[in-house]
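Each protein sequence line maps, in turn, to chains L and C.
So for the first sequence, the working numbering puts the first residue at 1; every next one is plus one.
So for the second sequence, the working numbering puts the first residue at 1; every next one is plus one.
Hints are computed from structural coordinates only; laboratory data are not their basis.
Each residue gets a CB set at the ideal place from its N, CA and C atoms; glycine is no exception.
Hints are not guaranteed to be accurate.
20 angstroms max Cα-Cα, derived SDA-like pairs, lysine to any residue [what the hints assert, rightly or not]: (1) C:Lys22 to L:Gly40; (2) C:Lys9 to C:Asp81; (3) C:Lys9 to L:Leu39; (4) C:Lys96 to L:Glu52.
With the Cβ distance kept under 10 angstroms, some of the chain C side facing chain L (calculated, not the full set) [stated by the list, open to error]: (5) Pro7; (6) Asn24; (7) Ser28; (8) Leu44; (9) Pro92; (10) Asn93.
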Amino acid sequence: GAGVSQSPRYKVAKRGQDVALRCDPISGHVSLFWYQQALGQGPEFLTYFQNEAQLDKSGLPSDRFFAERPEGSVSTLKIQRTQQEDSAVYLCASSLGTGGMGEQFFGPGTRLTVL
Amino acid sequence: AQRVTQPEKLLSVFKGAPVELKCNYSYSGSPELFWYVQYSRQRLQLLLRHISRESIKGFTADLNKGETSFHLKKPFAQEEDSAMYYCALSSPNAGKSTFGDGTTLTVKP
């Protein structure tokens with residue numbers, strides 16, 4: 001079956017541009033997670049959705065970052081006025097159950113480069 | 001605050017040798033612990049989690065609450081075990097997961 005998909009796979013943005021990253025989770029998965037992974041580091045938690053409800057956004061680094069999952073399936077991570085420090089791989093993961101205790105299925109990531 | 005530390009960035013062993021990837025954590029309470037693996041050109045995937053007490057691909061991990069460790073072990077490493085390994089911690093009943101910075105394991109022939 002289809003796994004988690006993300007688009008675009010690569011994105012180059014000029015500093016100050018807005019970007020939108022899309023995540024299609026596995027159908028029926030309740031939980032959806034966004035992570036930011038800088039080069040040489042592990043994934044860092046950004047935000048968590050349970051269905052359409054954003055239950056935890058404590059990892060969003062600034063108010064330039066915004067995530068939504070309006071119908072409880074597809075999710076979009078938006079970064080406004082991108083900065084060079086936003087350059088990273090953005091990972092999306094989904095999980096069948098609620099919370100972080102179950103297996104998370106990861107997408108391939110979107111590599112964002114801000115020039 | 002929850003934290004996961006993987007002290008070794010790189011680990012290299014010969015095929016057939018035992019391997020241990022270290023993971024230490026900091027958490028107030030009883031966390032759920034996981035090992036994820038990323039093979040070359042593949043996405044991150046679950047290897048094992050402490051709650052299921054399984055052995056996957058010959059790997060095991062024991063949660064030591066006294067030492068706050070969750071080291072990953074395999075008695076005889078294989079070349080196909082070469083990959084990046086991440087230790088992760090999740091809060092029960094919460095969504096946030098914390099990952100370590102990973103250990104790159106290379107198994108030499």
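How the hints compare with the structure:
Distance restraint check for Lys22 of chain C and Gly40 of chain L: the Cα-Cα separation of roughly 17 angstroms lies within the 20 angstroms cut-off, and the hinted pair is therefore satisfied. Restraint check for Lys9 of chain C and Asp81 of chain C: satisfied, since their Cα atoms lie roughly 16 angstroms apart, inside the 20 angstroms limit. A C-alpha spacing of about 13 angstroms is found between Lys9 of chain C and Leu39 of chain L, which places the hinted pair at or below 20 angstroms, so the restraint holds. Taking the CA atoms of Lys96 of chain C and Glu52 of chain L, the gap is about 16 angstroms. The hint holds against a cut of 20 angstroms.
Because the beta carbon of Pro7 of chain C sits about 13 angstroms from the nearest beta carbon in chain L, more than 10 angstroms, this interface hint is broken. A least Cβ separation of about 14 angstroms between Asn24 of chain C and chain L goes past the 10 angstroms threshold, and the interface hint is therefore violated. At a threshold of 10 angstroms, the smallest CB-CB gap from Ser28 of chain C to chain L is about 16 angstroms, leaving the interface hint violated. With a least beta-carbon distance of about 4 angstroms to chain L, the hint placing Leu44 of chain C at the interface is held under the 10 angstroms criterion.
The interface hint given for Pro92 of chain C holds, since its Cβ lies 6 angstroms from the closest Cβ of chain L, which is under the 10 angstroms cut-off. Using the Cβ-Cβ criterion of 10 angstroms, the hint placing Asn93 of chain C at the interface with chain L is satisfied: the shortest such distance is roughly 5 angstroms.
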